[in-house]
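Participant: Guided by the hints, dock chain B onto chain A, whose structure is given.
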Amino acid sequence: MAPDVALTIAGMALATYATRAGGYWLVQRARLGRRARGALEAVPGAILIALIAPLILATGPAETLAAAITVLAALRLPTLAAIVIGIGSVVLLRALIG
Amino acid sequence: MNREIAIDTEARRGAWRGEVAAALADLLPVVVSAAPFALLLGSLAAQKGLGAGEVLLMSATVFAGGSQFVAIDLWGTPLAVAGIVLATLLVNLRHVLMGAAIAPHLAHWPRARAYGALFLLADEIWALSLRRGTRIRLGPVYYLALSVPLYLTWCACTTLGARFGHLIEDPAAWGFDFAFAAIFLCLLVSLWQGPRRGLPWVVSAAVAVAAHSLLPGVWYILLGAATGAAMGALLADPEPLPSEKERGRGT
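Read top to bottom, the protein sequences are chains A and B.
Using this note's numbering, you'd call the opening residue of the first sequence number 4 and step up by one each time.
Using this note's numbering, you'd call the opening residue of the second sequence number 2 and step up by one each time.
Same shape as in the complex, but just chain A:
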């Protein structure tokens, strides 16, 4: 393996682990007030929705509709069924309305 390739991969690995361990490490050290707790509590949902928002809200009607269908399915059905329905919907809707 070329040394610059090895160096790049090593750098990527260290950077990635640093981000994963960093948050945990920081929380160990800080005593969190209620506002910090409120902020941290909002983080999981905020990240999840931020990750998918452009795809489901700013791509096309098919994606937005399929997302709505997925949510409705998730309210009533087991997770795997909801996911399959969601993927099936988007394939269908993309073919129908683009």
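Don't take each hint at face value.
Unchecked claim - Just the calculated beta-carbon pair ranges, DEER-fashion:
1. B:Ala83 - A:Met4: 13 to 23 Å
2. A:Gly36 - B:Val149: 29 to 39 Å
3. B:Gln194 - A:Leu95: 30 to 40 Å
4. A:Leu17 - B:Arg14: 31 to 41 Å
5. A:Leu83 - B:Arg14: 25 to 35 Å
Quick caveat, the hints were computed from the structure, so don't treat them as lab data.
Given the structure is predicted, the values throughout are model-derived calculations rather than measurements.
Every residue, glycine too, gets a C-beta built ideally from N, C-alpha and C.
Facilitator: Coordinates of chain B only, in the frame set by chain A:
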């Protein structure tokens, strides 16, 4: 005495089986949707000149799809080592928030075990572990049964993709690009705790969409999450914790 030990061992084994079964069930949709992307990543890497061994090393030491795609995108001759490492750091900054968010569920773990586990904290592992910790309790058996199969699948499929070239041309044609959205939507439904806790999500989504159209790269994720977190701080529960009430202290 021996009988008691035997019964206790059997009970523990049964508990472990339950944890493993739950983890594998939770993991199934994730593995199925991740595999085509892993194959695609591998084949893209091969096109950029990486060997199967190099792809395997990257997947095994990084285990972060988003940043690996970005890195492959930036791969060239001469290799922009610093640029790629910096891009990896930025793409993965959200993990800091994720690590902080899951820390309470790792509070009962020995430190070393927690730091080891954090190596495997991919997005989906984090999200599923968080849900597990909220609903029941996050134990190491569940976490291992959840993360190791995904890790192995990721390493194997990226390597296979590099070794055997174009196995999946276009995941989007099969809706696989939507698979992660579907998985995360289901997770969001399970995390929903009412409109007050949901308002930060609305804010985050709005900011993410706006930032996505205005800013390059993955800033939209951080900006959305940060704004959502800020809203969460603003709307923070006015009730002090019971332990603080006892001590006669407000927050």
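Participant: Run the structure past the numbered hints and jot down the numbers of the failing ones, going up.
Facilitator: When the structure is compared with the hints, none of them turns out to be violated.
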